[in-house]
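Participant: 1 is the number of the first residue of the sequence shown in this note's numbering; add one for each residue after it.
None of these hints come from the bench; they were simulated from the model.
A virtual CB, placed ideally from N, CA and C, is assigned to each residue, including glycine.
Check before you lean on any hint, since a few could be wrong.
With beta-carbon atoms standing in for the labels, derived distance ranges [stated by the list, open to error]:
hint, residue 1, residue 2, range
1, Y923, S887, 40 to 46 angstroms
2, G421, A255, 30 to 36 angstroms
3, D467, R594, 41 to 47 angstroms
4, G351, V391, 23 to 29 angstroms
5, G496, G729, 52 to 58 angstroms
6, G729, R547, 41 to 47 angstroms
7, P528, R104, 48 to 54 angstroms
8, F237, V391, 42 to 48 angstroms
9, L393, G267, 14 to 20 angstroms
10, F237, T25, 19 to 25 angstroms
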Amino acid sequence: MLATLLLNRGETVSVSALVDRVWGTRAPAHARAALHSLVRRLRSTLTIEDHPGELIATRVSGYVLDLPPAALDLSRFDTLVTAGLTADPQRRADLLREALALWRGDPLADVDSEVLHREDVPALTERWVRATEVFFDTELTLGRHSEIVAELRRATRRTPLREGLWAQLMLALYRSGRQAEALDAFHRLAAILSDELGVDPGPAVRELRDGVLRADPALSWQPPTTQRVAPAAPPMFQLPADTGVLHGRGATVAAIRRSIVTAASEGRLPLVSVSGAPGVGKTALAIHLGHQLADEFPDGQWYVRLRGQQHNHARPLDLLAELLTYSGVRGAAQPATADARAAALRAALAGRCVLIVLDDAASAEQVEPLLPGAGGCAVIVTSRSTLGALVALHGGRAVGLDPLSPQDAVDLLTAVFQEHGFTVAPDVVHDLAALCGNLPLALRIVAANLATAGPTDARAYVRRLRDGDRLGGLSVPGDPRVALRATIAPSYQRLGGAERQALRLLGSTPTDCFTIEDLAALTDVDWPVADAVLRTLTSSHLVRPTRGGRFATHDLIRLYAAEQSRIEDTADQRAEALSRLFHGYLATADALARRSYPRMAFLPQPAGPLRRTAAAAAAAAAAQPEPPTWFHAEYPNLLAAIRHLAQHGPREIAWHLADRMRGYLQETGAHGEWRSVAELGLAQAQLEGNDPGVAAMQASLATLSASRADYADARRRFDAALTIQLRLGNRVGQASILNNLGIVHREEGRLAEAGECYAQALLLYRELSNRYAELSCLSNLGVVQLELDHVHEAVRAQQAALEGYTSLDGAEQPLNDIANVLHNLAAGLRALGRPSLAVLHLTRALVLRRQVGNRYGAATDLDQLAAAYVDLGYHAKAQRLAEECLSIARAIGRRRVEAEALATLGTVALGLHGPAAALDLLYQALRLGREIGYRRAEVNAHLGLVGAYRAADRPQEAGSHARMGEQLARAAQHHLLARQARALLGAGEPEALLRPAS
Numbered sequence: 001m002l003a004t005l006l007l008n009r010g011e012t013v014s015v016s017a018l019v020d021r022v023w024g025t026r027a028p029a030h031a032r033a034a035l036h037s038l039v040r041r042l043r044s045t046l047t048i049e050d051h052p053g054e055l056i057a058t059r060v061s062g063y064v065l066d067l068p069p070a071a072l073d074l075s076r077f078d079t080l081v082t083a084g085l086t087a088d089p090q091r092r093a094d095l096l097r098e099a100l101a102l103w104r105g106d107p108l109a110d111v112d113s114e115v116l117h118r119e120d121v122p123a124l125t126e127r128w129v130r131a132t133e134v135f136f137d138t139e140l141t142l143g144r145h146s147e148i149v150a151e152l153r154r155a156t157r158r159t160p161l162r163e164g165l166w167a168q169l170m171l172a173l174y175r176s177g178r179q180a181e182a183l184d185a186f187h188r189l190a191a192i193l194s195d196e197l198g199v200d201p202g203p204a205v206r207e208l209r210d211g212v213l214r215a216d217p218a219l220s221w222q223p224p225t226t227q228r229v230a231p232a233a234p235p236m237f238q239l240p241a242d243t244g245v246l247h248g249r250g251a252t253v254a255a256i257r258r259s260i261v262t263a264a265s266e267g268r269l270p271l272v273s274v275s276g277a278p279g280v281g282k283t284a285l286a287i288h289l290g291h292q293l294a295d296e297f298p299d300g301q302w303y304v305r306l307r308g309q310q311h312n313h314a315r316p317l318d319l320l321a322e323l324l325t326y327s328g329v330r331g332a333a334q335p336a337t338a339d340a341r342a343a344a345l346r347a348a349l350a351g352r353c354v355l356i357v358l359d360d361a362a363s364a365e366q367v368e369p370l371l372p373g374a375g376g377c378a379v380i381v382t383s384r385s386t387l388g389a390l391v392a393l394h395g396g397r398a399v400g401l402d403p404l405s406p407q408d409a410v411d412l413l414t415a416v417f418q419e420h421g422f423t424v425a426p427d428v429v430h431d432l433a434a435l436c437g438n439l440p441l442a443l444r445i446v447a448a449n450l451a452t453a454g455p456t457d458a459r460a461y462v463r464r465l466r467d468g469d470r471l472g473g474l475s476v477p478g479d480p481r482v483a484l485r486a487t488i489a490p491s492y493q494r495l496g497g498a499e500r501q502a503l504r505l506l507g508s509t510p511t512d513c514f515t516i517e518d519l520a521a522l523t524d525v526d527w528p529v530a531d532a533v534l535r536t537l538t539s540s541h542l543v544r545p546t547r548g549g550r551f552a553t554h555d556l557i558r559l560y561a562a563e564q565s566r567i568e569d570t571a572d573q574r575a576e577a578l579s580r581l582f583h584g585y586l587a588t589a590d591a592l593a594r595r596s597y598p599r600m601a602f603l604p605q606p607a608g609p610l611r612r613t614a615a616a617a618a619a620a621a622a623a624q625p626e627p628p629t630w631f632h633a634e635y636p637n638l639l640a641a642i643r644h645l646a647q648h649g650p651r652e653i654a655w656h657l658a659d660r661m662r663g664y665l666q667e668t669g670a671h672g673e674w675r676s677v678a679e680l681g682l683a684q685a686q687l688e689g690n691d692p693g694v695a696a697m698q699a700s701l702a703t704l705s706a707s708r709a710d711y712a713d714a715r716r717r718f719d720a721a722l723t724i725q726l727r728l729g730n731r732v733g734q735a736s737i738l739n740n741l742g743i744v745h746r747e748e749g750r751l752a753e754a755g756e757c758y759a760q761a762l763l764l765y766r767e768l769s770n771r772y773a774e775l776s777c778l779s780n781l782g783v784v785q786l787e788l789d790h791v792h793e794a795v796r797a798q799q800a801a802l803e804g805y806t807s808l809d810g811a812e813q814p815l816n817d818i819a820n821v822l823h824n825l826a827a828g829l830r831a832l833g834r835p836s837l838a839v840l841h842l843t844r845a846l847v848l849r850r851q852v853g854n855r856y857g858a859a860t861d862l863d864q865l866a867a868a869y870v871d872l873g874y875h876a877k878a879q880r881l882a883e884e885c886l887s888i889a890r891a892i893g894r895r896r897v898e899a900e901a902l903a904t905l906g907t908v909a910l911g912l913h914g915p916a917a918a919l920d921l922l923y924q925a926l927r928l929g930r931e932i933g934y935r936r937a938e939v940n941a942h943l944g945l946v947g948a949y950r951a952a953d954r955p956q957e958a959g960s961h962a963r964m965g966e967q968l969a970r971a972a973q974h975h976l977l978a979r980q981a982r983a984l985l986g987a988g989e990p991e992a993l994l995r996p997a998s
């Protein structure tokens, strides 16, 4: 065992290899335990000076001997040989003699191990023979032929089948004037080879014999005239053919070129590590760069495949032999060990300008021995792994390749199609690029297949890729090497078990991105384990970081991972993993929703497999400051999760997630997605017969309808939800619905009904001690008071609500609700003739809306702020604000706010451009208000038209609109607006037109 560890100093030796060498075929039944016992005994006895601690370390797969090189004779031998190979002949001879003196007899002669003698001793003997041949060759070069004859005879007796040693003996004898003995040596070699192997001596030895027979002057000794370390080698240009234009890589190529040229000019080794996912184009980029840099490296461009993705990737020892051969160090001149060969390569490359492309590296450890020792040369490495050690330890530059941009992918396909003399419809090209995930290899496979099949097959090809086996379709028929599935497979197979499982489960999720917490829940492990797994997946480029601590997998890698999950995981295992993930989503969404929207009523959290990781995520979410950026970042994932849950279950999580998303969707105005998830949640709750879920989803859809000014549908759904909540005795749900129903009644102009709903809700909130909802409801009551022309009471109500919110701890203050109160307070202040103070409150409200990402609230603030600036006579400022409001309202589908913005813009246009411009905008507002049944917008438009027609000196039309406005306002119980209309009918200056918040 000690011999095996010594021969592999610094490298892990597997338990199976140790068992094989210690016992061979006679291994005991409990060999592993017996081996551990041997290791313990060896540890207790094996010590060296100046090296405290245990020398044998345990690794996952075996043991490693941590021994300084100077403490091992074999390492000292290799060091001396390496130094000798780069020295002048005299120094070389001295160093090699010292190295050979370390050998005493046959290696491991006293070690009883058949496996060692069969597999390891021949390699040791080869080291000795190579060094011996170089030593004798050096002695012959120096003219010391007579002195080495006796040593050569001993060497040939020790290795009688080594023709090189016999040739050196013949030459030494001949140069010593012993021609007959030289010929006798040849005959003895011939007899040995015939008896042992049945062959004749090789051509080199036969040619030497012929030279001895004719006394060839070339065999005589000549004093050395040069001291070259290695024979000169002609430049070698081995790069494969360049693929030509690299679409989308121009900036990357230019940056790498600058990096290499700069490093070379500074005397540093230019080292670039190009990494990326399978099929991303790493090799093509490296080869393209090599051709572009050819003039900078006139001594050659070498290309070496490291086979990093193959099970038997190339060993540094073999790669060094290949590189040394390129450099001119061949045959016996090459040292036997990797360390010695690495030193010899550095010496051979000194002073040369060679570019080395090392393609498909498995690890930094595989690359490091192959690096030149100084500037002049340059190295480009490609790998599927991020070789961070090359950056940290060798000053390399790391370049990560991503898939192409959509446009670059389209350009690549288009260019290849043009090269083959045909075109494909632009929409088909875009579809193909998307189905390829913009991955260069996939794109080139698609182009090759269409070039073979013809462009008429392009649409059918798109259908096969979209609806069938996409990975199978991304292959060149008849050539298994050119297939995307086969390209991805080695990366997956090289992973450990935990990483493979994580990738498989990630491929089974319906979501686009994930966090470490998501991965921990999915794989049912703790955070540190998930973090370690994620680091491995990221460094292997099977997962890529995106934004905000989130990660994603490429579409095609996801497909491969999902395939493997169907093969290796059971359906139950996938379902359990997804259940953990979705419950983790719900835990975080619940905490954030209750934190960010405290006045809203949410369903109780359902029971589920909530792990510590999900609980920690929820706690972190609850502690984060507003705005709730998690909802924004996870928005696509939550939508995908709800759709998946609706189809595959568990259904309960679907409506719970939809319930927690309500506040965010309301703020952002994402009406389409809001309706989709709420309707899905409602359908699942109805299927399960879950009344609380049905009521929550009906209330959510009712709020959406109210937001879109569909008040009839809103009332119908609120009434249905309220009926359920009354039957269930759920006072929290009742209060929430009554508050929202009051808003609907107010918007429809039924202020008495609105006030009654608010009053009932306020009473319930106070009974429930829900301070947040109580203050929100108090503000809503203040809005009704303003509409009823109780201006002072309205202002006092808003001031009381604002004081209530500001009395809360800073972390507990709901910013959006505070903005609502500030908005409503500003409306009351404008009615009191204090627009300057209204501007201050609205400006603060707008800041809060933007802080929490509430576009709808921001739009209402902008409209009210524009109207306040009109009050102050700043029409240009008002125009910019009203136009921004209109743009947002149209973008988020808030038609009520759009109508108000048009009316405000009409008033602004009257001040800036005159009645003609104002009339068009005001009539747009009037038509839209009538279309959506929004009475306040109609009244505002009528009152604005009064001013426009007066400015146009058309009093009859002005009076008509004043009367219509007054009648509409009175019918809708908008008493404040009715008073303004009556003031206009009396031909006085109207008071400010008001836009209370919802």
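Participant: Are the hints correct? Go through all of them and say.
Facilitator: Cross-check of the supplied hints:
no., hint, result
1, Y923 with S887: 40 to 46 angstroms, "20 angstroms, violated"
2, G421 with A255: 30 to 36 angstroms, "35 angstroms, holds"
3, D467 with R594: 41 to 47 angstroms, "43 angstroms, holds"
4, G351 with V391: 23 to 29 angstroms, "26 angstroms, holds"
5, G496 with G729: 52 to 58 angstroms, "55 angstroms, holds"
6, G729 with R547: 41 to 47 angstroms, "45 angstroms, holds"
7, P528 with R104: 48 to 54 angstroms, "51 angstroms, holds"
8, F237 with V391: 42 to 48 angstroms, "29 angstroms, violated"
9, L393 with G267: 14 to 20 angstroms, "18 angstroms, holds"
10, F237 with T25: 19 to 25 angstroms, "51 angstroms, violated"
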